[in-house]
Each structure stands twice: as C-alpha cells, then as structure tokens.
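*Asks:* Single-letter residue listing:
Number of protein chains: 2
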Amino acid sequence: MDVYVVIVAGGSGKRMGLDTPKQYLELAGKPVLMHTIERFREFDESIEIITVLPENQLRYWADLQKKYSFDIPHTLVKGGAHRFISVKHGLEFVGTPGLVAIHDGVRPLVKLETIKRCFEAAEKYGNAIPVISPADSLRHVTPKGNKTISRNDVKMVQTPHVFDAALIKQAYKQEYDISFTDDAAVLEKTGVKIHMVDGNRENIKITNPEDLFIAQTLMPFIS
Amino acid sequence: MDVYVVIVAGGSGKRMGLDTPKQYLELAGKPVLMHTIERFREFDESIEIITVLPENQLRYWADLQKKYSFDIPHTLVKGGAHRFISVKHGLEFVGTPGLVAIHDGVRPLVKLETIKRCFEAAEKYGNAIPVISPADSLRHVTPKGNKTISRNDVKMVQTPHVFDAALIKQAYKQEYDISFTDDAAVLEKTGVKIHMVDGNRENIKITNPEDLFIAQTLMPFIS
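As given, the protein sequences belong to chains A and B, one line each in that order. Heads up, the first sequence is in the working numbering, so the first residue is 1 and it goes up one at a time. Heads up, the second sequence is in the working numbering, so the first residue is 1 and it goes up one at a time.
Excised from the complex, chain A in its bound form:
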C-alpha cells in the first residue's frame, strides 16, 4: 500500500512574538521542520512527503534547505487561509488506494514507534490517532459556569492522524465547520468512529516560546 504524509506548517510566528515562524526555529542544529520531515523518512524510506507552507515562506524554505544541505525530497504545497484549507491542498497530492498521515510540522519529537502504531492501526481500522492521558485535572467551561471532568475520561490528542486516503479525501470535501479542531474531527463528522492508539509524551507541539527549550531537553528521550 502506498504511504503518504502531509506535514502542515502554517505558523506565521506571531503567536510566539517572534520574527521567525516556529517551524523554522533551530533545534539541535537545524530547523524544527527538518527534524519533523526526517522522522517520517526514517519511518519509511519510500513514504511520499507533502509539505504545506504559507505561500510567502516558500522562498525562505528553499534558502534554508540550501543552507542546511537538506536533501530529503518532498512535494511543496501552498497553504490556505487556515489549517483546514492547507490540509485540503495537501491531500490533493495524495493518491488512492493508500494510507496518509497528517502531521503538525511543529511536532518534531514524534517517536518512530508512535508513527508505526498509527499506520498499523489505520491499516486495520481505517484511521488512528495518537493520544496521551492528561497529567492535570480538567474543567469543562460552559456558558453557565465550569465543572470538573474526570481526567480518566479525557485524552489529549497528538499527531500524526493516519487515515485511509480515500476516506479522508472524501471527508475533506465537506464544508468547513467550527467543530473541526483536528483532522480526526473532520472524518468523525462523516459518521466514522475514531481509533485511538498510544502517543508519546515527548511529542509536544512547539507553540509557546518555552516549548523550544523543552523540545531541546526532550530530544535525547526520543532516539
């Protein structure tokens, strides 16, 4: 079966208060996004890698690849105004039948075992997402106030979300909906049950300024 990964890196850097979008920040000697791409290449030499970037960053990314002598082949795709559109653009380059992972460009610390678990389960069940249990207790906020939720009933969702390519391409033909907080939610809307597997705790999303330092600290734990 053909395998694909769509790596989405839409960050403009504004959220971190930085000039450089977080996917290009240097982690252990090279940009975050290069680490992310390498993980999937290590998982499977024959995987087809599709990277979705904001249009105004394509030139910058080409320069970075030259600078770091980065030579893993990947298809570059222009992103859209928000994540849903970007993923949709990326999926246009995915063939069927096949399995496709959709992964955050700013999650360079995904373990190979996590990727493997997701692909294996997706082959069996049609989809799979990696989750971990929250360490903190949780509250549900509603217009009427807030209420404790049992931590045992909640999972935190990481990426990659791996799907049967035909199913997820079909699901992405829906109109955008506010409930689409991640790719599994898009598939779920079509009536499909989502299958969860174990993620790895180190697989953080580099969102806040301190996350880059945390990622640096966690690097030795994932290899």
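Hints are supplied without guarantee of correctness; some may be wrong.
Heads up, the list lumps identical chains together, so a pair's fine if it works in one copy or across two of them.
To be verified - Heads up, simulated DSBU-like pairs for lysine-lysine below, C-alpha to C-alpha not over 35 angstroms straight-line:
(1) 67 to 147
(2) 147 to 205
(3) 144 to 124
(4) 67 to 116
(5) 193 to 30
Please keep in mind that the hints were generated in silico from the structure rather than gathered at the bench. No experiment lies behind these values; they were computed from the predicted model shown.
Based on these hints, arrange chain B on the given structure of chain A.
*Replies:* Okay, now just chain B, sitting in the frame of chain A:
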C-alpha cells in the same frame, strides 16, 4: 486575614520507576519540595506552611533539611492512604477565619503572580484555582466510544487551589467520592461555584521521569 498553605507530597516514587520519591529529586541544587516551600514563603513571609508527607518519609525529610541547611519553618503532618486523606490531615492545622492554599509538592514552578492571583480572587469569591488552556485537541472517552471536545471548552487545572478556610474544612468532612479528582471538586460537591484565574504554563507537575529535565529548563522562565 491569616493565610496558610497545605503542601501535599505523597509520592512514593514507584510511578517514576525511581527509588527516590519525586518530591525529593534534586532540581537546580536542592530537592523539589524545598523549591515549592520557598515559593510560598517568598509570596508571604507570614504564611503558615503545613507540609503533608507519608509517615515513612518524615525521618528522611528531616535529614534532607539538615543536609541542605533548609530552615524555612513549617508544620510537618503525616499523610494518609491517599491524597484526600492527606489533605484532610493537613487542614486540621488550619485556623479560621483565614485563606488556605492547597498545593502539590511537585509543582515547584508556580509563579508568585499565580499564587497572588489565586489568593486575591479567593478573598473576593471564596475560592480560586489556576488554569491554562490545553495546547492539544481533546477527546472525550465514554463506554460507547470517543468523541472530539472543543479545546476552547476545556481548561487544565494546576494548583494552588485557594479557599476560604472554613468552607474547605467543612467540604472535607464529606465522605470520599470518586469524583474528587482535585480539591476544587471537593468544594464543588457542596454546591459552591468554582472561580478560575490564569495559571502559568511553567507550573507543571513533576510526574514522569522527563518532567524533572523539563522543570530544569523552565526554571529561568519563572524568576
């Protein structure tokens, strides 16, 4: 108004696969628990500190204090079989009227501003807990399957939980219930609304082995 903090450190170390319980692991030159105690002392010189430890660790803690010349006065209280009992024991040493913070011994990275926000809001509303927004998307797991929850509707709960002392002492007279995942949940069961304030992202609970390294990395961000 008299102010108190009950610091609960019940870990036996088993969860981390270590001989030393995590509250005694060394962070930037001294045990985690000493940092935690220091934060509250820095917040208010006159705060009464009550530390709850498992009975079989009292001797060890005394030795550590000698070894590190740690001289912040605090009342040592013997914990119980689980966290609910330990907090209850600690609260016996809290007077009324007053405000009491209940804090995890393994959260040494709470910022002074977080403690301050909690005490100020608790004085006004009778209780306050620090929360942050999750970075990951979330799923609700039920016996019938799992379903996406909007990340915007969920908050992750840190400590300290600060309460009007009389209210929380009364709440802790209830029978233990499985829904008591944190101290706010105990008060909530009596029909009281819980007030949320902003926590600080660095205020992690040292639970897993890699968390100690993350805490080390985050130390410079909180001072």
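*Asks:* Now, for every hint given, state plainly whether the structure supports it.
*Replies:* Against the structure, the hints:
no., hint, result
1, 67 to 147, "neither (51 angstroms within a copy, 44 angstroms between copies)"
2, 147 to 205, "both (27 angstroms within a copy, 21 angstroms between copies)"
3, 144 to 124, "between (42 angstroms within a copy, 20 angstroms between copies)"
4, 67 to 116, "within (31 angstroms within a copy, 47 angstroms between copies)"
5, 193 to 30, "neither (38 angstroms within a copy, 48 angstroms between copies)"
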